[in-house]
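S.K.: For reference, the chains in residue letters:
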Amino acid sequence: MVFWFPYTTIVLIAAILMLYVVLKIWWLSGFSGIYKHWRLVAFLFYGISAYLYASINHWVFDRGSRTQLTESLTAWYLCLATHLDQSECYARGHVPGGFNVTAYIADLCVNLSPEIVFAVILLSDPEIALHWYDSFRRFVLRQNVPDRWASQKRALKLSRSIISQDSLPPPSSESASFLS
Amino acid sequence: MDPSTVHQTCPPYTTTSEFEPNTCVAVCPAPLMSDQQQHVLTIIVGVEGHVAICCTLLVFFAYMTHPWKASYPRSSVAWLQVPLFLASVAIVIGVWVGWEKVGCDKCSDPNNGYTWIGCWFSHWSWCWVSAWLLFFASLSAAVWYCLVGVGLLISISTVRVPLSDRAQAVIFHILGTVIPFLYAASFGLADQFISNGYGPCFVSSSKVLPLSFSFSRCLLPPYTNNHEFDSIIVGWLVR
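So the sequence lines, in the order shown, correspond to chains A and B.
To convert, take the position in the first sequence, counting from 1, and add 6; that gives my numbering.
To convert, take the position in the second sequence, counting from 1, and add 5; that gives my numbering.
No lab work stands behind these hints: they were computed from the structure.
Where a beta carbon is used, it is the ideal one built from N, C-alpha and C, also for glycine.
Worth double-checking, as some hints may not be accurate.
[As the list claims (entries may be wrong)] Computed footprint of chain A on chain B, listed as stretches where at least three residues anywhere in the stretch have a Cβ under 8 Å from a Cβ of chain A:
| # | segment |
| --- | --- |
| 1 | 99 to 108 |
| 2 | 129 to 137 |
[Claimed, not checked] Covered by chain B, according to a simulated footprint, are these stretches of chain A (three or more residues, beta-carbon under 8 Å):
| # | segment |
| --- | --- |
| 3 | 23 to 29 |
| 4 | 35 to 42 |
[As the list claims (entries may be wrong)] Here's a subset of chain A near chain B, in silico, CB distances under 10 Å, partners left out:
| # | residue |
| --- | --- |
| 5 | Glu-121 |
| 6 | Val-151 |
| 7 | Trp-155 |
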């Protein structure tokens with residue numbers, strides 16, 4: 007409980023936030039916006055799915071199976087302790103009805119999967135590859151490469167100065183450049 | 006007869022307890038998995054875990070060296086990779102040092118005779134280290150994921166937070182790293198991490214001690230009494 011209650015609460019808050027973000031994008035720019043920001047949507051969808059899976063797996067399956075596991079293990083140990091012919095108590099590593107190894111390994115796989123999926127989604131962004139390509143040309147080949155993001159940096163700087171002066175709303179183009 | 010020559014006999018798959026005389030405890034790791042299943046676990050966690058570690062490092066490096074994505078709030082995605090990296094390491098530790106070393110060290114036994122963090126100070130405990138890392142990193146990752154959502158929300162909404170980007174970034178780091186660290190540290194000091202007899206160790210509420218009580222009561226008043234992740238091994242004591 008000391009872990010799973012705050013964890014589940016935070017994940018649920020994240021799910022609501024992400025759902026709101028996706029709905030807002032859909033509301034502002036329709037399905038074309040969702041399609042355009044597919045990386046963002048995939049990032050949100052997979053992250054939430056994996057984290058919710060971990061929570062649901064704990065609350066629904068893991069907690070319930072623990073009692074059953076303890077009981078079957080106790081019965082197994084008692085069997086071993088009381089039977090001279092221990093073949094009756096099955097071979098080592100086989101606790102009857104005790105432990106769902108497949109579910110356990112699947113849970114570990116899901117826990118490790120967001121890192122990989124996030125990397126696939128985030129690194130598929132051509133901006134990353136373009137930056138590495140520019141850096142290679144700039145620092146290894148010693149070529150004179152113009153700053154690809156100079157105009158974006160200038161626009162952001164300008165919008166910040168306007169906000170700080172007049173408290174005007176910022177340009178809505180920022181969402182497009184958050185993950186994509 | 007010399008009393009020192011009397012040896013206690015324990016039932017199969019149990020052994021004499023190191024901490025309580027004349028008692029038998031279940032062997033560790035628990036025979037929940039066959040050798041083949043343990044090999045499968047090691048291979049899957051080893052391969053997927055190392056790929057995950059490389060992925061988190063790559064994304065962090067890619068974002069932090071990018072002129073555009075390294076700035077707040079886009080950098081939240083990169084900072085999310087730090088707890089994800091730590092969580093992957095916590096799981097992969099079992100592959101590096103062996104599941105038996107992680108799950109069966111002295112400090113993984115809830116009846117190890119030590120209080121607070123004393124066992125970890127006296128014996129290096131992979132169980133304690135991996136469990137603490139997993140606890141902190143998982144919680145921190147969830148908070149950072151939430152903060153990515155908050156960053157997105159700030160980006161697409163017309164409402165502006167009346168703070169500089171630097172101040173907002175600092176708040177994000179306090180929420181995403183410092184608070185989960187303190188929360189996890191309170192349970193770590195109380196030495197509440199135990200083995201399940203297999204796989205990575207995790208937190209046990211059955212060893213609630215005053216520090217974690219007082220700290221967690223500030224955050225989660227009604228919930229700290231409940232048992233969660235109780236040690237399976239505790240229930241197997243065969244006297």
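S.K.: Hint by hint, note whether the structure agrees.
M.R.: Results of checking the hints against the structure:
Residues of the segment 99 to 108 of chain B lying with their CB closer than 8 Å to a CB of chain A number 0, which falls below the three-residue condition for coverage. For a cut-off of 8 Å, the count of residues in the segment 129 to 137 of chain B with a CB near a CB of chain A stands at 0, and the three-residue condition is violated. Evaluation of the coverage hint for the segment 23 to 29 of chain A: fulfilled, as 4 residues show C-beta separations to chain B shorter than 8 Å, against a requirement of three. Only when three residues or more bring their CB closer than 8 Å to a CB of chain B does the claim for the segment 35 to 42 of chain A stand; here the count is 0, and the claim is violated.
Checking A:Glu-121 against chain B by beta carbon gives a least distance of about 4 Å; that is within 10 Å, so the hint holds. Of the supplied interface hints, the one on A:Val-151 is violated, with its beta-carbon coming no nearer than about 12 Å to a beta-carbon of chain B, more than 10 Å. Hint on A:Trp-155 holds. Least Cβ distance to chain B is approximately 5 Å, under the 10 Å limit.
The structure does not agree with the numbered hints 1, 2, 4 and 6 stated previously, though it agrees with the rest.
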